[in-house]
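Which chain is which? The protein sequence lines are F and P, in order.
Each residue of the first sequence is one higher than the one before, starting from 1 at the first, in this note's numbering.
Each residue of the second sequence is one higher than the one before, starting from 1001 at the first, in this note's numbering.
Note that these hints are calculated values from the structure, not bench results.
Here the structure is a predicted model, which is why all the values come from computation and not from measurement.
You can trust all of the hints, since none of them are fake.
Covered stretches of chain F (chain P as the covering partner; in silico rule of three or more C-beta atoms under 8 Å from a C-beta of chain P):
id, region
1, 15-26
2, 38-49
3, 56-63
Okay, the calculated beta carbon distance ranges per label pair:
id, chain 1, residue 1, chain 2, residue 2, range
4, F, Ala9, P, Pro1168, 33 to 41 Å
5, P, Ser1035, F, Arg51, 41 to 49 Å
6, F, Glu11, P, Gly1023, 46 to 54 Å
7, F, Gly53, P, Leu1148, 40 to 48 Å
8, P, Thr1088, F, Gly27, 26 to 34 Å
Ideal Cβ placement from N, Cα and C applies to all residues, glycine included.
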Amino acid sequence: MKILVNNAAREIAGPSLADAVEQLGFGNAVVATAVDGDFVPARKRASMMLRDGHAVEVLAPMQGG
Amino acid sequence: MRSKCSRRCRVGEAMDFYGVALGSRLLLGTAGYPSPAILAEAVRRSGAEVVTVSLRRESGAERAGQGFWSLIRELGVRVLPNTAGCHTVGEAVTTAQMAREVFGTSWIKLEVIGNHDTLQPDVFGLVEAAGLLAADGFEVFPYTTEDLVVGERLVEAGCRVLMPWGAPIGSGRGLNNLYGLRAMRAHFPDIPLVVDAGIGLPSQAAAAMELGYDAVLLNTAVARAGDPALMAAAFGQAIEAGRQAYLAEPMPMRDMAVPSTPVLGLAFRG
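This is chain F alone, in the form it adopts within the complex (with noise of 0.2 Å):
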């Protein structure tokens, strides 16, 4: 399926949120995700079907002022 991840446009095979997650090269890394600008808690990934437009971001740790 086509989605866009961090606003870039991917072809995952998905299905869920949690196999993006893993297709996408994050494994174990300490990310947070949201899909169409809500937050998806780590616990509900492999409940959250994604579809062709979705947008998912992935963010992780950064410095902060």
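Knowing the structure of chain F, use the given hints to seat chain P on it.
Just chain P now, with coordinates in the frame of chain F:
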């Protein structure tokens, strides 16, 4: 001896944010340092027990955030995640929720930016987001202005800390509105107040503490210094000096000179 206000007596002890006692009154940002090693040394030299962190888009190939997070964990400090860069209530709330999961803390430095040039907070969105997050169990540190009414609304929304700006973020201009900051201290005697943003020099941080502020949050003044670690140490000392000066109760300012040396017994006078 002049009477001491109850606030001075109470907060002469450890600072308290949402039930967490802290020894250092410096909260240090982690952005913009020349290298991770210099960041780590600056944190150590500052004595800060709280550092601010953020969330950004991660690449599955680069995983840049993972190394940074390891570095922060090794420092053994408490983290205060921010919602920097958020311009809407929705962005800020979602970012806060994501930060809570990643960093494992309900603390959130809430920023809802309203103006691109000044990075001034959108205080209307700030109050709304603060209410939503407080109801969701967050302990909110709102980046706000010195506006007293906004401060009241934030407290009503559930905030138990207020963080007015000293000057625009990254400007290094110090305390732009001394009167407003002093009024805010007087208006909220029981709420921990942190000057957040705009500090450029240790003397400015000391001035904030002399006003009775509980802490100072800064980043750029240390990160962009020629020697960040040395500047971090300077800020740590200045903030402690300012705190002690506040507790010591500064003398009142006078318009006219008053000789400090006794005139009684002065030679050549009849």
